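So the protein lines, in turn, are chains A and B.
Per my numbering, residue 181 is the first one in the first sequence, and the count goes up by one each step.
Per my numbering, residue 36 is the first one in the second sequence, and the count goes up by one each step.
No lab work stands behind these hints, which were simulated from the structure alone.
Note that the structure is a prediction, hence the values are computed from the model and not measured.
No residue lacks a Cβ here, since even glycine has one placed at the ideal position from N, Cα and C.
Treat the hints with care, as some may be off.
Simulated pairs of lysine to any residue, SDA-like, Cα-Cα distance not exceeding 20 Å [stated by the list, open to error]:
1) B:K153 x A:A207
2) A:K234 x B:L194
3) A:K287 x B:Q150
4) B:K153 x A:K287
5) A:K287 x B:L187
6) A:K451 x B:L194
7) A:K234 x B:L187
8) A:K451 x B:P70
Ranges between beta-carbon positions, derived for each pair [unchecked claim]:
9) A:S196 x B:V76: 52 to 62 Å
10) B:F315 x A:R408: 47 to 57 Å
11) A:R289 x B:W346: 35 to 45 Å
12) B:Y349 x A:P232: 33 to 43 Å
13) B:Y348 x A:G424: 55 to 65 Å
14) B:R202 x A:F197: 51 to 61 Å
15) B:A100 x A:S259: 38 to 48 Å
16) B:F254 x A:L218: 18 to 28 Å
17) B:V84 x A:L202: 29 to 39 Å
18) B:Y345 x A:R289: 48 to 58 Å
19) B:Q150 x A:P190: 18 to 28 Å
If the Cβ cut is set under 8 Å, some of the chain A residues that face chain B in the computed set are [as the list claims (entries may be wrong)]:
20) L194
21) L198
22) Y263
23) M267
24) L294
25) L299
26) A335
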Amino acid sequence: MTVRYIRMHPTRALSSFLLYALLIVVAFCIGLPVFWFLISSIKTESEYIAYPIKFLPKVVQWKNYVDAVTLIDYWGYASHSLYLALMYSTLCLITSSAAGFAFARFKVRGSNTLFSIILAMMIVPGMVTLIPQFIVYSRLHLTNTYWPWFLWGVAGAPFHIFLFRQFFTTIPAQLEEAAEVDGCTPFRVFWQIFLPNSKPVLATSFIFNFSSTWSDWFGPLIYLDDKRTTLAVKINHGYQNAHGNPLMMPTLAAATIYALPLIILFFIGQKYIIQGVVTSGIKG
Amino acid sequence: MATAEVAVAQPERTARHIAPRVVRRTVAFYAFVAPWLICFVALDIIPIVLGVLTSMTDYDGLNLATVKWMGLKNYARAFTDSDVAYSFGRSVLWSAINTPTWIVLSFTLALILNQAVKGRDFFRTLYYLPSVVPVVAVARIWAIFLDTNNGLLNGILSLFRPGTAVRWLSDYALPACTAISVWGGLGGGMIIFLAGLQGIPQELEEAALIDGANKLRVFRHITIPLMTPLIFFQLIMALITSLQTFALPMIVYGGGAMTGGVARAVYLYVINTYRHIFAFQRFGYGTALLWLMSIVIMGLTLVVFRTARYWVYYESEAAGGAA
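Please put together the full structure from these sequences, using the hints given.
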């Protein structure tokens, strides 16, 4: 019998115990508010305002979720959110990847200057353009339309151009040179060689843009009226009773359904996101 | 004869071959950046110029026909406006608390989850999840968690000290909002630091350990220096975003664009500015206020860039120094 017990050194056992204790404490701090929120969303109003607090509801109130999607035109507003998020992130993906490709692959007159502008725009505070843009759009009568999102999408985003440029510089030059010798146009090199080989970055960029547009609250708030606005604005103060007082229970349920697509999207794209962040090497 | 002909023909052919290639590549480059470049001029340059002009007028969003030129008066007014001074102070304090808290916590989490611990992927996912939640939902989640009477936090504290009814969102607005903001941003910071930590060559740390360095020294002299470029990047980004924060407190205190109900402790600079713009239609004065903050932010960014050479480690430089 030569069973050998591998015994942990006492100090190592202690440090591993402390590590797990820490991981679990942090997990609690992060998870507790969400847990409380989900529990609250299936309570009755009187259970919710009970003092001292009632931890669990007597009967699960799925009615809150029914109210959430029936008291307002929930799916209508959700479709606005979806439409804007899809439109913006698709357009932004096309423009940013194309520009990223250009900056990674062509060293021509003016390309360095333009790339410095991209870098500079990454650190210029967004509020510099937010209000002036709003003034321009409203003078052109484009507020209350979805045109601003279309144009923002076509414009691309400096950070995403940078992300694509970083990734594309890692693709070996031989690949492209060989294609060029074979008479491939730059567009075909981009479309048939670079894009198919960039799925992690494409997914990362798309998911980040989709999430930020879906989450955006201030844009729809100042640009769109009550009929055309998105879920982000509507959930914040859309649920009211006849006297204009906020209805808490459907609001909680609605916020839960509203956050769900992004969580699902994250789980679908999870492995791409981590890969995308690693390979694009955001290292300043 | 024959050789001479070849010698003449060769450069000509090469030149003919190269010149169109340069032109072709230049055309291709500008074709690929065209959508961005055109929109950059239309949506950034033109509005920025108009923004500078607006900040020197009394534009109220409507009075284009009768708009008055104010010169630098809007800027001068900002320096005597006590609300501006107060909210600027709050923003500086907010940034001074938020930036280090966020960087230290997300870096620590990344360090822990870079170890070979069981269930690592589970914890990574769990810690990242809050950053997926939209800000409107984040604000709700925390508003009911911190609620004075019905919130879970006071409920738990009441187990130890019955009847605890701390008014977190009004009496401790700054720490409460900081907690909310850090909670929402932790995952995003962590994932970038994790990417950086995975980029550190393992041989380097192993070699040092074999040479007899303990873990703390490896951390201090290898991990930290190699991570400084990323810490630098995160610091710049955190400064820029935290000084511009407005949405979170506005949603937590539920004032919409009117921003009336925001607690004084988190009455941040941009909130005060948006109040001027959207509640009082003072586009001219408001834009001037935005420019002042932008100048502060850009100045601060430059200062941080200047300090970089004292503490940020660049591989190429060190290699050059060693050679």
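Sort out which numbered hints this structure fails and list those numbers smallest first.
Going through the list in order, the structure violates hints 3, 4, 5, 6, 8, 10, 12, 14, 16, 17, 18, 20, 21, 22, 23 and 25 and respects the others.
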